[in-house]
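Make the full structure from the sequences, and use the hints.
So the protein sequences, as listed, match chains G and Z.
Just so you know, the first sequence maps onto residues 1 to 676 in this note's numbering.
Just so you know, the second sequence maps onto residues 677 to 776 in this note's numbering.
Keep in mind the hints are simulated off the structure, nothing from the lab.
Since the structure is predicted, the reported quantities are computational estimates derived from the model, not experimental observations.
Glycine residues also receive a C-beta, built at the ideal position from the N, C-alpha and C atoms.
Label pairs and their in silico Cβ distance ranges: (1) Z/740 / G/664: 29 to 37 Å; (2) G/650 / Z/740: 27 to 35 Å; (3) G/614 / Z/774: 47 to 55 Å; (4) G/669 / Z/718: 17 to 25 Å; (5) Z/678 / G/645: 44 to 52 Å; (6) Z/740 / G/17: 54 to 62 Å; (7) Z/718 / G/645: 31 to 39 Å; (8) G/645 / Z/731: 43 to 51 Å; (9) Z/731 / G/649: 39 to 47 Å; (10) G/621 / Z/763: 47 to 55 Å; (11) G/24 / Z/763: 43 to 51 Å; (12) Z/727 / G/650: 35 to 43 Å.
Residues from chain Z that face chain G, not an exhaustive set, calculated with beta carbons under 8 Å: (13) 695; (14) 698; (15) 773.
Computed list of chain Z residues with no C-beta within reach of chain G, every gap over 10 Å: (16) 684; (17) 740; (18) 761; (19) 762.
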Amino acid sequence: MVTAFDYVPAIVLLPFVSFVVALFLGKYLPKKGAYGGIAATAGSLLLSIWVLLAVRSGSAHQETYWTWAEGVGAQPFTLEFGALIDPLSALMLVIVTLIATLVHVFSLGYMNDEGERDLPRYYAGLGLFTASMLGFVIADNLLMAFMFFELVGLCSFLLIGFHFRQEGPPSAAKKAFLVTRFGDYFFLVGVVAVFATFGTAAFSGAESFPALAESAINGTTEGINTFGFEPTTWFTIVGLLVLGGVIGKSAQFPLHTWLPDAMEGPTPVSALIHAATMVAAGVYLVARMYGFYVLTPTTMGIIALVGGFTALFAATMGIVKEELKQVLAYSTISQYGYMMLALGSGGYVAAVFHLTTHAFFKALLFLGAGSVIIAMHHNENMWDMGGLKNKMPVTYWTFLAGSLALAGIFPFAGFWSKDEILYEALIHAGSEPLLFAGYAMGLLAVPVTAFYTFRMVFLTFHGNARSEIARNPEPVRWNVKGPLSVLGVLAAVTGVINMVPVQKVLGLEGIDYLHRWLDNEWGGIEGLSSHHYAEIGPYSSTYPFGTEVATVLAGAAISLALALVGLGLAWKLYNVAEPVEHTAKLGGAKELLYNNYYQDEFQVWLANRTRGVSGNADTFDQGVVDGVVNGVSSVSLVSGDRIKRIQTGVVGNYALLLTLSLTALLVAFAILGGWF
Amino acid sequence: MVPPEYYLLLSSGLFCIGLFGILTRRNALYFLMSVELMLNAANINLVAFSFYWGNLTGQTFALFAIALAAAEVAVGIGIILALYRNFGDVDVMQAATMRW
Chain G
1 MVTAFDYVPA IVLLPFVSFV VALFLGKYLP KKGAYGGIAA TAGSLLLSIW VLLAVRSGSA
61 HQETYWTWAE GVGAQPFTLE FGALIDPLSA LMLVIVTLIA TLVHVFSLGY MNDEGERDLP
121 RYYAGLGLFT ASMLGFVIAD NLLMAFMFFE LVGLCSFLLI GFHFRQEGPP SAAKKAFLVT
181 RFGDYFFLVG VVAVFATFGT AAFSGAESFP ALAESAINGT TEGINTFGFE PTTWFTIVGL
241 LVLGGVIGKS AQFPLHTWLP DAMEGPTPVS ALIHAATMVA AGVYLVARMY GFYVLTPTTM
301 GIIALVGGFT ALFAATMGIV KEELKQVLAY STISQYGYMM LALGSGGYVA AVFHLTTHAF
361 FKALLFLGAG SVIIAMHHNE NMWDMGGLKN KMPVTYWTFL AGSLALAGIF PFAGFWSKDE
421 ILYEALIHAG SEPLLFAGYA MGLLAVPVTA FYTFRMVFLT FHGNARSEIA RNPEPVRWNV
481 KGPLSVLGVL AAVTGVINMV PVQKVLGLEG IDYLHRWLDN EWGGIEGLSS HHYAEIGPYS
541 STYPFGTEVA TVLAGAAISL ALALVGLGLA WKLYNVAEPV EHTAKLGGAK ELLYNNYYQD
601 EFQVWLANRT RGVSGNADTF DQGVVDGVVN GVSSVSLVSG DRIKRIQTGV VGNYALLLTL
661 SLTALLVAFA ILGGWF
Chain Z
677 MVPPEYYLLL SSGLFCIGLF GILTRRNALY FLMSVELMLN AANINLVAFS FYWGNLTGQT
737 FALFAIALAA AEVAVGIGII LALYRNFGDV DVMQAATMRW
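Structure below.
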């Protein structure tokens, strides 16, 4: 019988086919391959929904497609490609394919209608990007995940640098590639460490590395090589190594510097990077191997602390930015900080919930920004906008829905997910002081987020128009408004999938669908459930406000109040006819924020400090490695130069040579053959 | 019956005359003729041994070689014409421009 799971490879292959088609045939196709991309991603979306329904009806799936190396190493292990379909990956497949489809449709308006050149290359890049991310999502082992993780990085490089004829994009692409590569270096070492320790990198099953690690912590270290460390210490080291890749990809401090520069890419690509593909990959990876991370409290504490710090740190930088997409870039870093905080504080479901809602509202905000950019003839400076509210109502209302979600205003999607993250951090903070620091920073970031979000909304859409273009913006078509409307609705209502506070306060059982979903209530794989993670996790719950209900209510009230404070402040300062730059009053602090805390300068400074090492490496490379290669080739070159001189081109010489050689041959035969 | 040694002497004499021509002459036409002499030295051998063993295969082979030689001359004359057009001369030692 044919089941949805037989079509799992097709989900990945369809966008890949669209990549190949767009690359080789794109220039002959109408719309340069856009329709192929839309058809492929929409097909993947339908298949993903089918897979989701199959998981909903109580099954899960794990299959190995191809074993490409067997019995490698002293401790023989196999390297495979396979698919792991459980509630988490099924949900992620739907998110990624949905966003990718909408981004493809939006690109019709943003790229085709704007008369961009090289469109086949663009659509090929989008197709490969989507395919790589989908391959990463279904990966059933860490090595396969790593490979697709790298492909995702490569595609982001290609797409960020799409406008390679200008000066900024190639440099931004290079930066994104190098910074994430720095993180991935640790990830690669981590993958090798996982293989060396467990002899397997599978995510699920009794022989998977999280399961083996769990039994090792419980005392049975058979078949596991921890290189002389205590299991907990060693697993902390391995977990932190893999976390390096996560920090690079999900743009966490201190490897967040690539993301704001990545705004040089086309806006639909930014939407894809921020909502569904590149940046989401890091958080998804931690969620995927969460059974491994929850075993080591130190790693969890570090994840929570990094996440909380990044959430606050990035939010403060968003306050002073002048360009629409820059504000959104810092909000992405900040929101992924929240997800890391959730993961680090044991809120597995909260993190996945925020990943979902963020995917919708951030894709919405970027596409909305794209719509504004079309209208503004590619001027992104918010100080040149203003008053767009009445001229582009669809964009305004959807953008507003996305902003309310981002700011965490009740009842939009972001409120529910952000509130749950803070709640998880709060109730677990009793057993781990690091979590409390994370919680405090996460809470502080709430009003800052609301403030910069609504500063952006008011500057862009409210007040009087501050430039000629803003008075007569270019209209946008259905292919821009359509995706915006879909995402606008989703950003407003996605919260209903997981209304935990409502359930707890009103005592309604069973409306926390996402909790039940990720708890394998309908179907799933043994050992990959939120229930299991909570059992083996290091945290216990304490309720600082007395009962559970009181804590839920107090937590939600505090975060909502703080968000409203930020929103109110933005309203007061910027919702006026002629807003002025209030941030100038911050003085030196504004300079500090505007220059991103001089993080870029700091990294350049660090790079200069290590110039000696890289210089030596370069000398070694040029002298020894290249020297050997050049030496070999110069031997051939010189001898060839000498030997070619026997070719004189004079027929007589050849004839003479032939005759003499024949004679010599005859004489040799005569002597050796004994004729004399 | 003439013993085969005589035929062999004749053919090797003919071959040496041809070889001498190739090694000493610069004119392409002499060159071509010398090549023909060497070819015919080989034909004489074929016919001689065919006669000696009473087997016609060698003679058939010689007929083919003669036909091939005719074709070869046609090609050779063509090359000589091209040589004359390009260099204004039929001196084979001058046409040395196609080396490295």
